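K.L.:
As a plain string of letters, each chain reads:
Protein chains: 2
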Amino acid sequence: MFGARCLLLALRPCSSAPCPKPAQAAKLRVREALGAQEVNRDIKVQGWVRSVRSQKEVLFLHINDGSSLESLQVVADPTLEHRDLTFGSAVEVQGKLVKSLHRMQNVELKAENIRVVGPCDTLMFPFKPRERQPLEYSRQFPHLRCRTNTLSSLLRVRSEATAAIHSFFKDNGYVHVHTPIITSNDCEGAGELFHVRTSNKVQEPGENSHFFNVPAFLTVSGQLHLEVMAGAFTQVFTFGPTFRAENSQSRRHLAEFYMVEAEMSFTESLQDIIQVMEDLFKTVTSIVLSKCPQDVELFHKYVSPAQKGRLEQMLKNKFITISYTEAVEILKRAPQTFTFQPKWGSDLQTEHEKYLVKHCGEIPVFVVNYPYDLKPFYMRDNEDGPQRTVAAVDLLVPGIGELCGGSLREERPHFLQSRLARLGLADAYQWYLDLRQFGSAPHGGFGMGFERYLQCILGVDNIKDVIPFPRFPHSCLL
Amino acid sequence: MFGARCLLLALRPCSSAPCPKPAQAAKLRVREALGAQEVNRDIKVQGWVRSVRSQKEVLFLHINDGSSLESLQVVADPTLEHRDLTFGSAVEVQGKLVKSLHRMQNVELKAENIRVVGPCDTLMFPFKPRERQPLEYSRQFPHLRCRTNTLSSLLRVRSEATAAIHSFFKDNGYVHVHTPIITSNDCEGAGELFHVRTSNKVQEPGENSHFFNVPAFLTVSGQLHLEVMAGAFTQVFTFGPTFRAENSQSRRHLAEFYMVEAEMSFTESLQDIIQVMEDLFKTVTSIVLSKCPQDVELFHKYVSPAQKGRLEQMLKNKFITISYTEAVEILKRAPQTFTFQPKWGSDLQTEHEKYLVKHCGEIPVFVVNYPYDLKPFYMRDNEDGPQRTVAAVDLLVPGIGELCGGSLREERPHFLQSRLARLGLADAYQWYLDLRQFGSAPHGGFGMGFERYLQCILGVDNIKDVIPFPRFPHSCLL
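Chains as they are written, first to last, in numbering that gives the first Met the number 0: chain A, 0 to 477; chain B, 0 to 477.
Just so you know, these hints were derived from the structure itself, not from any lab. Some clues are possibly wrong.
Same chains, same label: a pair holds when it works inside one copy or across any pair of copies.
The calculated lysine-lysine pairs, modelled on DSS-like cross-linking and capped at a C-alpha distance of 27 Å, are [what the hints assert, rightly or not]:
#1 Lys55 <-> Lys342
#2 Lys26 <-> Lys281
#3 Lys317 <-> Lys307
#4 Lys26 <-> Lys317
#5 Lys317 <-> Lys281
#6 Lys353 <-> Lys300
#7 Lys169 <-> Lys290
#8 Lys169 <-> Lys342
#9 Lys109 <-> Lys26
If you're wondering where the values come from, they're calculated on a predicted model, not measured in any experiment.
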């Protein structure tokens, strides 16, 4: 099938096309081979060459197929060497899996056949063997950086964390909901929106110029739609892309990012929501640590050495809860000068959030009961004064600042109605008010930024390095 | 906390606000209560009232909290009745879980306290007890239809199928990848694209009017980005939203829908891809049937009685494979007249696909090796003639037609380069050509429409009824 380029490099040389395929042998992923109990058997491994070391008596290769950070060592007769057998080439190796005599690995593969199925133009390839490039360098090659150790470890951790999030909610009785990506809600106040249109042509304002008859946007949060579903399933979650069209070049923002959001009916206390947030963080992190120890270790060794101890600290300790009012007091008493003066009624800035976490001994901190005027219309009035605070909570974590945000939702129809009326939103949110007319239950929920979560557990400084294809102002590669 | 509306309806009447909360009792979901082995114990259940039946001696309620189709029967003293205790109201019931003497249920809850936490305006509520509304009717109320039996069963099946898809791929060593939603690819030829812009203002053409510097679109498929990742992880999958801006009012199309896509490196035969498609369908369906038997049964009983037998048929039999050329021959010999005359070189229409499935005894059929000119540039030339067929496969299923589409991808740089050059796309796809220069491996993959999958297993005629918030031309509710 690959006659034109097939290179069967065997002791018995391949004479003519079509090349004979190597005899049937159990096909193993590298991870399976590395962990195999049963040795002295014929296997076939496919992957990419991570190193070639040719000695007089023996040829050493390392083969990686992305199933683990570790590569499989292949030992071969030097006659199997070939000019296309280079770093980055795609190969199929058949041989005997044997116990290794070296201390560095349990097993190795004694090659009988090595087939280069795809050579690599090593001169043009932007990565070189045994070189650790800065993450900024790799970012220029979004189609190739997943072949570096750092990004492949990152993406395995991301995949494992994704699975752990799904299983956390499933195991706790939550129904998964695909909240819509395109929405006609435009007034949640969560920042600039992307508009969705059907063509490049200039469209006149007016209903019929829109594909959906109404202006349509990319979602900034699945929360309101999740509240619909919490009214039927009690506990629901979503885990999908959300969007902000903000012209921010920060290391903490993307135009497209992922949020985990959960909503729980019959929840009357912020404490219940706080408990789910803490459980989610600790459970998912423990699963990731147990499933990808080497991948996490790579980050804690090479990318952010301080993070390992911090993470152990976070997992070991109960998270702290303080009120917004206490937080402002702590900030006012702080011996350091902030760019933004802390003041009751003003938003906490990232510098404030980081200080609060440090103040609490680098333990994650829940800040609760924020000023009414700082928060969106759907948050529940605490009635501790005329429109003074709402039952909101933010989770602040070391190195990042805000990781999660949540609240009790205003389930009382008259409170919600009058707040929406004051904002001129009563018509737009009639459907949302409806939910309060038909068996409204006290409820609440939260959202966690998935990329910030990954930054937090791995200690990655720039959010662009924890998502496969980052989208941000002036950049939409591929 | 809910003083203004709290209705504690107890034998010992509640005298004043704030209402005392019922004493601590184990909080159980309805599903847990229904399956409880341990009875004669105090529990608390929260949910929505599905029926109220008041007799002289006893008051019967059915409480549903979305954890199962089945509701929990509550028996109470008639003195606990209250005007707000109606169909649709949200309640908290505390009492003793006991063995039921009735044949219809194992257990029932002898209520001691019933608290209505949210009344329901039953006159305005669009659903009535014990009424089965047509799905078209429910579709008008996207914020409330999840409280009907049919939609809540549908959404539980959808959630279970989502989890099963994730676990199928995870168990088989695939890495999950979030492929981007916003993309700068605009020439895959998979139909009309939605454009992503930052504001309503009319923008002049030219680079700097765009948020990303380049025109940006909503993805039509994650495949090309998944191919990037298959070059590092061997086996990868994605499961996310995809978009088409087509002005189609069909029962088979949405503007926003979900696709499961997988990509496998070191795959040299369509048969390997076919095997994964068949395994995915059968494994996920078996899990759904075992986890949600009652929910699936509802559809097979009330929505599509013919589907039950068909589904058993699909699971029991090995799927059939025929070539496109054979398919055209079968269609030409068909005793029926088609709107579109079957002809080698033309696309198979839905009428053709449905006939082929019927012809094969209502067993799913893989059609392989489609004409070169019908398929996109990335499909692998079979070299069975000058640009005659490509290694493409579609899976056709009863009642639906096309459910999955896949192919081997053209991994040979010179084949791909010349095809892209002929299409004038060589520059736009330089990054995609790069993948073939650096350790290219034979590979292939497929996509499955998730909503069509749900239509297929449940027998739902209209795709708008298998997604929580359908988006289609002229409609973007909520």
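K.L.:
Measure nothing new, just compare the shortest in-copy and cross-copy C-alpha distances for Lys317 and Lys281 to 27 Å and report within, between, both or neither.
P.N.:
Classified as within; 10 Å inside a copy, 44 Å across copies.
K.L.:
When Cα atoms must be at most 27 Å apart, do Lys353 and Lys300 count as within-copy, between-copy, both, or neither?
P.N.:
Only inside one copy: Lys353 and Lys300 sit 23 Å apart there, 57 Å across copies, limit 27 Å.
K.L.:
Go through the copies and call it for Lys109 and Lys26: within, between, both or neither, with a Cα cutoff of 27 Å.
P.N.:
Classified as within: same-chain Cα gap 15 Å, cross-chain 60 Å, threshold 27 Å.
K.L.:
Is it within a copy, between copies, both, or neither that the alpha carbon of Lys169 lies no farther than 27 Å from that of Lys290?
P.N.:
This pair counts as both: shortest intra-copy Cα distance 19 Å, inter-copy 12 Å.
K.L.:
Is it within, between, both or neither when you check Lys26 against Lys281 at 27 Å Cα-Cα?
P.N.:
Intra 36 Å, inter 23 Å, cutoff 27 Å: inter-copy only.
K.L.:
How would you classify Lys169 and Lys342 at a CA-CA limit of 27 Å: within, between, both, or neither?
P.N.:
For Lys169 and Lys342, the Cα distance exceeds 27 Å both inside one copy (41 Å) and across copies (49 Å).
K.L.:
My question is about Lys55 and Lys342: at a cut-off of 27 Å on alpha-carbon distance, are they close within one copy, between copies, both, or neither?
P.N.:
neither (73 Å within a copy, 62 Å between copies)
K.L.:
State whether the alpha carbon distance between Lys26 and Lys317 is at most 27 Å within one copy, between copies, both, or neither.
P.N.:
between (46 Å within a copy, 24 Å between copies)
K.L.:
At most 27 Å between CA atoms: does that hold for Lys317 and Lys307 within a copy, between copies, both, or neither?
P.N.:
within (18 Å within a copy, 51 Å between copies)
In this structure, the hints that do not hold are numbers 1 and 8, in rising order.
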